[in-house]
Amino acid sequence: MNMKIRGVEAGAILEEAQKMKYEGYRLMQICATRAEVDETPFYEILYTFGMGLLMEQLKVSIPQTEKIASITSAYPCAFLYENEMHDLFGVEVLMMNLDYRGNLYRTAVKTPFKN
Amino acid sequence: MAARSVIPFGPQHPVLPEPIHLDLVMEDERVVDVIPSIGFIHRGLEKLVEKKDFQEMVYVAERICGICSLGHGLGYCDAVEHIMDIEIPDRAKFLRVIWSEMSRIHSHLLWLGLLADGFGFESLHMQSWRLREQVLDMFEESTGGRVIFSVMKIGGQRRDVPTDMLKGFLERFDRMEEELKTLSRTFLDDAAVISRLKGVGVLTADQAEALGCAGPFLRASGVARDIRTSGYAAYGDVHVEPVISMVGDSYARCEVRIREIFQSFAILREAIGRIPAGPVETPVKGFPDGEYMTRIEQPRGEALYYVKANGKKFIERMRVRTPTFANLPGLVETLKGCDLADVPILILTIDPCISCTER
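In the order they appear, the protein sequences are chains A and W.
Under numbering that gives the first Met the number 0, the residue at position 3 of the first sequence is numbered 2, and the numbers go up by one with no gaps.
Under numbering that gives the first Met the number 0, the residue at position 146 of the second sequence is numbered 145, and the numbers go up by one with no gaps.
Source of the hints: derived by calculation from the structure; they are not laboratory data.
It should be emphasised that the depicted structure is a prediction, and the values quoted were computed from it without experimental measurement.
Don't take each hint at face value.
Cβ-Cβ distance ranges computed for the label pairs, FRET-style [unchecked claim]: (1) W:Arg273 with A:Lys113: 46 to 52 Å; (2) A:Glu65 with W:Pro18: 17 to 23 Å; (3) W:Val24 with A:Ala107: 28 to 34 Å.
Don't be surprised by glycine CBs; every beta carbon is placed ideally from N, CA and C.
Given the sequences, and given the hints that come with them, work out the whole structure.
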């Protein structure tokens with residue numbers, strides 16, 4: 000049994016997040032996954048929202064070189080998740096409300112989950 | 000406006016068993032802003048999916064943390080079992096509930112001891128941990144381990160517990176509950192304790208919800224959300240109701256955790272009374288293919304486990320979102336406006352588990 004995930008265009012993520020916020024959903028987590036098709040790596044970014052015991056998931060797929068908008072304007076607590084995926088995967092997130100500039104995680108290897 | 004200064008708090012501090020750093024922006028003795036900083040001991044355990052197969056990853060999940068070990072194993076196994084459509088035997092489901100509630104009791108008693116230590120009540124700290132030892136003894140008897148239990152496996156449990164042993168535990172839970180009643184009177188009625196906790200670090204329900212808080216920290220602000228009510232494992236067969244307080248201060252967080260221990264005793268009695276006979280594991284064939292996000296109620300709050308697999312021996316991604324990670328923005332909010340002297344207590348009231356956060 001797999002869970003239901005709705006695919007979203009990278010450019011629409013902030014708008015989708017604002018819709019979720021308006022509907023009363025809270026942000027549960029954001030996580031990045033490195034995936035590969037025909038030896039071309041890309042990122043899948045999974046946004047999980049919740050309302051009571053309900054759970055909604057949005058997935059964005061982006062090339063490793065593409066940047067994505069922060070959703071901290073809708074969900075201020077997203078800054079930790081966004082900094083985390085920046086530090087571990089190298090995902091470039093634009094307009095975070097609190098940008099640690101790669102210093103949230105003090106890892107010996109930069110972006111250890113990128114490759 | 001008073002001149003502002005920044006006081007570094009941590010990463011090494013007497014109330015912090017594990018490293019976390021906060022930059023406290025101060026106006027005189029009052030905190031006006033906080034910038035949290037983590038990542039001092041990040042271990043990258045999630046990356047081990049490249050080297051450990053999906054069965055071995057259970058051991059890795061259990062080693063994320065020594066306090067929440069059982070829950071991490073349970074969450075990971077539950078996610079893989081959903082992907083593989085595995086229905087585990089009922090007895091295994093009940094064992095998961097029994098061990099989870101024992102974990103909750105030992106985690107909350109650990110926290111009570113740390114809180115007492117935080118405000119300098121050493122005898123209360125020792126009494127809390129003395130009581131906790133009794134749960135650890137029962138863990139040792141039923142699982143063979145006191146910290147890392149290694150009883151979870153995909154498809155059920157690695158070991159069964161004789162029903163006679165479980166019945167014997169019931170008598171010990173009764174004695175523990177009586178001792179806890181005495182202990183809780185000091186935590187909830189002592190004037191010195193109240194003076195350190197009441198009215199300190201108030202977080203409203205709206206703030207807690209907006210900041211994505213979890214667990215007793217959330218419920219102490221009046222949000223009735225407890226993932227056990229979703230009925231995972233055998234929680235659907237026992238009575239679970241979220242324990243809440245409407246006050247949202249440090250005292251409320253303490254009270255909610257104490258009441259949750261009493262609730263855990265009640266759940267344990269129900270679960271041990273209803274546990275069916277039968278096998279504790281089901282055979283697992285093939286490899287997982289798909290993705291799933293599961294969530295469980297760890298002692299510190301809602302924890303999420305995401306697994307993505309592609310039909311091979313090694314899964315593609317395991318992601319654990321721990322409750323402490325979710326509670327950091329809430330902690331920052333409670334610290335704003337507090338006195339410098341209350342900062343250590345307020346950090347303790349989210350029951351921070353940095354080992355989980357730095358998985």
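To see whether the hints hold, each was checked on the structure:
no. : hint                               : in the structure
1   : W:Arg273 with A:Lys113: 46 to 52 Å : holds, 49 Å
2   : A:Glu65 with W:Pro18: 17 to 23 Å   : violated, 34 Å
3   : W:Val24 with A:Ala107: 28 to 34 Å  : holds, 30 Å
The structure fails hint 2 only (numbered hints given earlier).
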